[in-house]
Amino acid sequence: MALWMLMRELVSLSNLLGPLAEKVVDACADGLSWAFSSLSRLIDVEADLDKLRRTVRRIHALLKDAEETRFVEDSQVRLWLSELKDIAFDAEDLLDEIRTRVHVSKLQASRKRKQPWRSFSVNPVWLLSWKISRKVAEISEKYRAIAEDRENLHLREGESRRKSQVREERLPPEAGSLQGEPLIVGIDDKKREIVRLLISGGGDDVAVVSVVAAGGIGKTTLARLAFDDQEVVNFFPLKFWVGVSQGFDVKKTTKEIIEVMTEERCEPLNLELLQRRLQQLVSGRKFLLVLDGVWNEEQYYWEVLRAPLMAGGNGSRVLVTTRSELVSRNMRTLPPIHLNGLEEEHCWSLFQDLAFERGAWDRHRNLAEIGRKIVKKCQGSPLAVRSIGGLLYNKTDEEEWKSVLSDLPDPDDDAYKILLTLKVSYDHLPLHLKQSFAFCSIFPNGYEFDRDELVKLWIAVGLVKPRGMRSLENIGGKYFDYLLWRSFFHISSSSNQQSKLKYKMPGLIHELAQSVSEHECLRFENNAVHGESGNSRYVVSCLQNMDPIAFHKIYENQSLRAFILLPENGVPTKQVPYDLFLNLKHLRALDLRQNELVVLPDAIGNLIHLRFLNLYGTQIERLPESVSNLYNLQVLELGECNKLLELPKGMSNLVNLRHLGLHLNWDKHRNRWIDLISMPPGIGQLTSLRTLSRFSVSGESGCGLGQLKDLNLRGELCISKLENVVDVKDAKDANLKNKKYIDFLMLKWSESTCSNSLAGSEEVIENLHPNTNIRTLWIDNYNGTSFPNWLRDQSFSNLDTLRLSNCRRCGVLPLVGKLPQLRNLYLEGLPEVQHMGRVVPGNGNTMGFPLLEMLFISNMHKLESWYEVIQGEMACLKKLVISDCPNIKELSHLPCSLEYFEMGNCQKLLSLPMLPQLHELVIKGGTGEIIRWIRQLPSLSSLTVSQLSRVKSVPRGYLHNLKILRELKIEGCDKLESLALQDLASLEFLEVSSCRKLSSFAEGGLPATLKEFRLRFCDDLKSLPTRMHLLPSLNHMEIRNVPMLTSLPTEGLSYSLKYLAISGCALLQQRCERNGADWPKIQHIPLREIGDRSSS
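Under mature numbering (1 follows the signal peptide of the UniProt record, and there is no 0), the letters of the sequence shown match residues -21 to -1, 1 to 1075, in that order.
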């Protein structure tokens, strides 16, 4: 009984020190009385428990007052609270260990078969008794010492004065959608000034525009408004945004710019190669680059970063936000724009919008005078106004408003006071939000947060408190929404509609988080240690190579709860030392993402407190069986582990597992991903699972589809190896129809499926009817002869994307034209389909594909005819791709809305209907007859033609009607001998490559509008076009692998050129060397790459 009462007393501390023991007790309510009575019989620690219980009770009220005091300025009191918190953490770890041992014993007893719980083997009674008794005695002694310090620190018992922590926080109705969007007034003039500087004038150099202001004044918001301005969008073909952290690193920033431009991960190259890559990307192209939050004041760093950017096209701009006037001067910017904060009336208007719902302000006029005084103390900082306004949202207690006002520092010109103002907003947070916010300080400044991942981490380390029947993920999500509403986070500028939202902490907010968490959080970054070591609970390392000294520093924190290893500059860590798993036995979260780990040691099984294990993107093939010992594990992330073959056999022991992430980028790994051999037996017993990205079917006992029956899954599910379904009943038992939270479903058979399972496949898929809430459905390698009947079900009212691939025996397409929300349709590898048929069968009263925007048709070798489209159908279609359909002859009645069309290897397709809105056309393969039809496309702005086998020339006048064509690529036309392009009056980009018989360009040269010219792999070309010196806009030129080209034109090259690259042209390269015959023709060009050498 004493042990039980002790737990109850410790649980009461959770209201003060976060969700400590309370969550533990709730999670094990079932059978807990039996568990502790059993332990009490085994362990004679009653006396110790009684003493500890009395001590806890005496200091309970004291803790409540001490922890909820808003300002704890006395260093001795702060130290006292830190020590008290350490004791509370130790108490929770002890309770967690007891709970774990009890539940593992129950689990072992309930299982009929032997389970591999080696690390939880029952100790001899006397040893277990001695260990727990000793730990209880230690905690009791620490409590006693803490209690004795109470009088000396003048701390007293009493009730909390802060009622706001008891009631549930409210959020405005819109806080669940696009929270964190800038709510700003009064800066329109500044925005217009920035826009004017960005788009006015041309000039040869890449000009720099800077916004200078103190932290929290709105630099980033102002830059974002200018970045999104429609005039700016129209003016710059390329726009990209990069956040620059305080530890400014040229290599890291260059790499991030490349990744933002290409939307692909950049390999960790050396700086020279990165700069060359960036130079090639921007060369000749007008761009806008935003560098947000520049700190480094050393001119050298900017000069190095600037060098490759200078290859950009005329009119390119760099927009910089910084707190430092010196940064602006060193970057030689245009006259800087100084932002001095919002006018008081604008701040008041913003505050009113945030503090009350629309229309509610009139009912609380008594608060207006206090509110205006609060706004005055915010010193024009929109961040401070948002934070304090969010804090007071719909709070009507006048005393509470006065309390906030009195806590705010008096206004003056000191920028540090804005940080103190934000500190007030933090001080008034409920305790669970304080702790969740402080945890985020372990991540480096500028880190992009994934909301769901952060919530999982909060849950793992015990910061999310259970409440009623709501899931922990839901509760933690609300925590995040509260902090977002109060401007502790904002939506990252890199987020877009196509990707999942990412979030960042404003720079000043990150400084605040660091200041309130210095005793608990430790960060290794930029070859320095941030935070206090010894009693830290959370550690993040951003170092590429952590030496033994660094790990020893971490090991000083024996009670560490979270260790996160982030790749520095994208460079993965090669290995994690074995002794990490021996020294950090209290870990609850271990994040080793995107590191080159091949194996985990068996010692991982000793981390009995572990709840979160992230191995995303590692090279692991198998997990050690000891992972099955991690009874408390809630999150196991193995996404993008494309070498993973097998999961531990005993995973059914992980009864607390909620998220098993096995996601792969299906398109990227489509032809080379390695599937799991099978799922672990009995995974259906993990009824807490919410996420199971992949399920590999096996015929082994306990590994079939029926294991999905009772799992309440959500998000993504890929079911592979469906040919291994032994009994059709298993497919029905999978119960997909009732899994209403799955939004992405992939049904996949192996490519080597035998033909003798055809009938079985049709029955299986018929019984895998998804829930009608599904948003994306992908059927791959299905070997039946007909698609399931449920696929034509119009009740799939949310289906956005349908993908049918490699269904080699299906000869008739499913009738999906009535699906009301279908926007993307992929039909790939359906070789038996000859006719696409009617979009919607019947009398035509229903318009088919009402919202379809993209249609992709590929590898349908017998396809002869297109959909029978009637007027009004496919009215929203914008993108159409048809490739490897050699027998299709005509595409009648294409919708006029089409903007992008790509056709490849459709040899019999010789003409197309009028497409008045078509902007981009790509033609690959064929004889070339269809090129005559191109003249009928007056709206065309981009044209790519490649591998046209019979095209010998493009004579003058052939493309005369393409008045607005800006981009032309001609590739792999082996018989092409001559080109006449001077009639293309708007052409800006020209690339001619792999046209090995091309011998000449027509007289008259190239269009005067040309800005970029690339010439590659043209074996017979002996001379460049004439009049190259008369191209006033040409700024980028590449000549690669044109061996017969021996000299530049006599008249030279345009003086507007900024970048010239010549390689694979031996004779020409010699002439272009310094002191060579053609050197005078190129010496004016700022950036030159001749062979392997760069110069400027």
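Worth flagging that the hints you see were computed from the coordinates, not collected in a lab. There could be a bad hint or two in this list.
[Said to hold, decoys possible] Distance condition first, Cα-Cα at most 30 Å in a straight line; then the derived DSSO-like pairs of lysine-lysine: (1) K444 <-> K121; (2) K647 <-> K708; (3) K954 <-> K647; (4) K976 <-> K954; (5) K797 <-> K110; (6) K718 <-> K479.
Hint check results:
1. K444 <-> K121: holds (26 Å)
2. K647 <-> K708: Roughly 33 Å separates the two Cα atoms, so the pair is violated.
3. K954 <-> K647: violated (34 Å)
4. K976 <-> K954: holds (6 Å)
5. K797 <-> K110: The given pair, whose Cα atoms are some 68 Å apart, is violated under the 30 Å limit.
6. K718 <-> K479: The hint holds at about 23 Å.
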